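Peer 1: Modelling step: build the complete structure from the supplied sequences, incorporating the hints.
Those protein sequences? They're chains A and B, same order as listed.
One point on numbering: in my numbering, the residue at position 320 of the first sequence is 320, and numbering is uninterrupted.
One point on numbering: in my numbering, the residue at position 164 of the second sequence is 164, and numbering is uninterrupted.
Hints may be right or wrong, so weigh each one.
Straight-line Cα separation of at most 25 Å, SDA-like style, residue types lysine to any residue; simulated pairs [stated by the list, open to error]:
hint, chain 1, residue 1, chain 2, residue 2
1, A, K51, B, R363
2, B, K109, A, G509
3, B, K109, A, K351
4, B, K109, A, V490
5, B, K109, A, T171
6, A, K351, B, K365
7, B, K365, A, Q127
8, A, K51, B, D150
9, B, K109, B, E372
10, A, K47, A, A250
Taking CB as the label site, the calculated pair distances span [unchecked claim]:
hint, chain 1, residue 1, chain 2, residue 2, range
11, B, G260, A, Q126, 55 to 61 Å
12, A, D8, B, K365, 53 to 59 Å
13, B, V270, A, P452, 51 to 57 Å
Far from chain A, some chain B residues (derived; all Cβ distances over 12 Å) [what the hints assert, rightly or not]:
hint, residue
14, L212
15, R250
16, S318
17, S333
Note that these hints are calculated values from the structure, not bench results.
Bear in mind the structure is a predicted one, so any value in this text is a computation, not a measurement.
Positions of the beta carbon are idealized from the N, C-alpha and C atoms, including for glycine.
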Amino acid sequence: MISEQLVDLSRLQFAATALYHFLFVPLTLGMVWLLVIMESVYVMTGKVIYKDMTRFWGKLFGINFALGVTTGITLEFQFGTNWAYYSHYVGDVFGAPLAIEGLMAFFLESTFIGLFFFGWDRLSRQQHLMVTLLMAIGTNLSALWILIANGWMQNPVGAEFNDATMRMELTDFWAVLFNMDGQAKFVHTVSAGYVTGAMFVLSVSSWYLLKGRDIEFAKRSFRIAAAFGLASVCSVIVLGDESGYTVGEAQQTKLAALEAMWETEPAPASFNLIAWPNEAEQKNDFAIQIPWVMGLIGTRSVTKQIPGIKDIKEKNRERIHSGLRAAIALDKIRQDATDADARAIFNQHKKDLGFGLLLRKYTADLTTVTPEQIDRAVNDTIPKVTPMFWSFRAMVGIGFLMLALFVLAAYSTLSGRKRHPRWLLKWALWSLPLPWLACELGWVIAEYGRQPWTIYGVLPTHLSVSRLSVESLYGSLAGFIGFYTVLLVVEIYLMIKFARLGPGSLGTGRYDADQHAAAHA
Amino acid sequence: MFDYETLKIIWWLLVGVLLIGFAIMDGHDMGVGSLLPFVGRSDVERRVVINTIAPHWDGNQVWFITGGGAIFAAWPLVYATAFSGFYWAMLAVLWALFFRPVGFDYRSKIQDPRWRQTWDWCLFIGSSVPPLIFGVAFGNLLQGVPFHFDQSMVSYYTGTFWQLLNPFALLCGVVSSTMIVFHGSVFLVLRTEGEIQVRARRVTYGAGALLLLSFSAAGLWLAFGIPGYELVSAVDPNAALNPVAKTVARTAGAWLANYGKEPLTLLVPVLAYAGVLLALLLVRIKRPGVGFIASGLMLAGVISTAAVSMFPFVMPSSSDPNHSLTVWDAVSSRLTLSIMLWVSVIFVPLILFYTSWAYRVMRGKVTVDHIERNEHSVY
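Peer 2: In structure tokens:
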């Protein structure tokens, strides 16, 4: 049996390093398109201020990108170092999109980012713009392949278990590729990144405008960020809505948990605007409901039902019983591959094998499972409702708050007035952390909401870990925390320093802080 | 679609190609990084050194990441067993690598000399530790690693971190470090001038000599002192195999067997020697451009020597040889190998194409004058 502590520490380490990595990724995803837009304007109009904008925001982009690269390698490594059984069990399917990401996307963005920074004098304007564009495409393709891999964890299509190799094997690559779950995640996640990039440029530009410096530079940056941000925030809300959640069982479970829907209501279900979930009694102590809304956004119909938690659990109970038979038969096959009886039972129940494996958390010997252990496994199949419910509401609330800001910012910049109102600039400045908060919450909802599985219905989280000592985990976790804290301090210090210096840091002699820049940059 | 056996062999070759690509591309900038504090004495000299690789290190590092991804996709069991077994060694590589992206990008953004010197040493660590550890890891693979699987194919590493640092493995670490330093120094000779170039050339000669010595010593030790592994039971290379259902024997001299069976493979170690000697000669007669290619051939020779000696083994188990991982049974399914092959056939040439273009755009020597004129835009 695997120590609970080992599992918890492995999860903590993965969650901490993934959330940390995701501080840098969204900004990269979004800012890279802002650079493309600014540079396109430069190439089309020939106005040098747009070149300076590309270079200055590119500098900040580079400071962020460096940490994105640094912390991304951690995640690739960690599948092998800390999730060895996971890597073995699903590597045949999951490894491919990761490798394709490297070949198709990461090479592209990383090769061209070098030319983006150092190729200004060696490339024609059009060539340099093409370099920036390829870098942007590479970055976004990267996200695509990672989310195809992640989508497969939520909805494992196109694969089958092989008892000789004791793992999942690919049967239909196109099913993995066009998995609705992965595609929905991709558009939602990159849009969230675009919002982050737009908010960053909007906030920093607002700060310049509040200080009354680099006005022309800041106004143009503000305008581009406001327009791009408005489009992106609309897309993140529309494409992120819960229509994606009707695909596959994992998402139905998540939906029920994050909406605190204990019972299956007659269609169309009502929406819990606010509720106080009570996990022990499986009900909401208090709820403000809006009739119909849940059914409409969840199923886009008035007739389809959305299953509640209690019904999902009962279905899972049956699957655990069936999966238990599969797991016991598999043990026999592994001892004697010619055991025909065991194979017959296995083939009959193999689609539920993952549910049987949930019981391994409670017993080493599956032939002596008690009803009490089955109950515990059934309860495990639903993620904790309270954190899901509130994370989701916080994320959506932040999304609408940003929508309001971008609408006003876009209106202000398009209305042709000479100055933006100061309250708007302040609002924009103080909204800087919001997209990061929303992105991290989104990650929590997607990944915490997948528990108790690493691969929904196939592989439980507690089996997926490498069998390391608890001491090793404490050691590595401490190392990551140490390194990442120092790196974050350095990164934020540089970010603030260069944001303060502003476009003067380019040393072109055209901007306000140029004297300081010459002395310090 | 190729048959399964052919695909397994193609993927053994492809993983080799990616590792060699990693050694050539990321290797030269790791070599440059390892030499940074020594061949660059003043701040501006160090900036020259860093800027020889500034536009390329990021793309080059992807060879490493893609190599890892390819092993994950093609040999998932190797990926799982090696990364979790070598836990602390892999974390040391990872943490050392942390210093590179930030070191390159942040170093010259602040003028304070302590800030810059700190990052110089960080870049040194980030560039010198990974090749050393990879060499040590190969040294351990050649001896076999203590691991086994249970019935569900969960892997257990039963050794300690410290036993990885045994004499033969450390010698392999020396081979690996010197070949990377050698390669990096040839690149510096090509891309710098004046004092820096003179120092780099000196390093080329020294590292070349040490490389010839250490590679020969490791070869002799391997031939006469390290027992190899051989497959005793027949395996069906065309089937999806249970990796623990075979018999493996540990016998003296087994790592030489492939050279006896296929004498042409002797060309592989010969290539390693020829590459070093040729590169030395070319640097001597002031043709570092071709010398860099020769140095690349040396890397291909050294890495392939390890791979050919072990074939079909990838990761032998010293504690339970029957659980050793081979190219026949530690691989992905036929469909995955096949799809990944087509993806590689399309994208690897494309990568080579645009990488060459990037090098062409940024070609030429980096000079002190260039750094001073572009104070705000170079590293």
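Peer 1: Would you check the hint for B/K365 and A/Q127, treating anything up to 25 Å between C-alpha atoms as holding?
Peer 2: 22 Å, holds
Peer 1: Does A/K351 lie within 25 Å of B/K109 when you go C-alpha to C-alpha?
Peer 2: 56 Å, violated
Peer 1: So B/S318 supposedly isn't at the interface. Is its beta-carbon more than 12 Å from every beta-carbon in chain A?
Peer 2: 18 Å, holds
Peer 1: Can the restraint linking A/K47 and A/A250 be considered satisfied, given a maximum Cα separation of 25 Å?
Peer 2: 51 Å, violated
Peer 1: Check whether the Cα positions of B/K109 and A/T171 lie no farther apart than 25 Å.
Peer 2: 50 Å, violated
Peer 1: Starting from the hint 53 to 59 Å, judge whether the C-beta atoms of A/D8 and B/K365 obey it.
Peer 2: 55 Å, holds
Peer 1: Evaluate the condition: distance from the CB of B/R250 to the nearest CB of chain A exceeds 12 Å.
Peer 2: At roughly 24 Å from the nearest Cβ of chain A, B/R250 sits farther out than 12 Å, so the non-interface label holds.
Peer 1: May I ask you to test the hint 55 to 61 Å on the CB atoms belonging to B/G260 and A/Q126?
Peer 2: 59 Å, holds
Peer 1: Would the pair B/K109 and A/G509 pass a check requiring their Cα atoms to be no farther apart than 25 Å?
Peer 2: With Cα atoms ~18 Å apart, B/K109 and A/G509 stay inside 25 Å; holds.
Peer 1: Holds or violated: are the alpha carbons of B/K109 and A/V490 at most 25 Å from each other?
Peer 2: Holds. B/K109 to A/V490 sits at ~12 Å (cutoff 25 Å).
Peer 1: Quickly compare the C-alpha distance for A/K51 and B/R363 to 25 Å and report which way the hint goes.
Peer 2: 24 Å, holds
Peer 1: Is the Cα-Cα distance between B/K109 and B/E372 25 Å or less?
Peer 2: 14 Å, holds
Checked against the numbered hints above, the structure breaks hints 3, 5, 6, 8, 10 and 17 and satisfies the rest.
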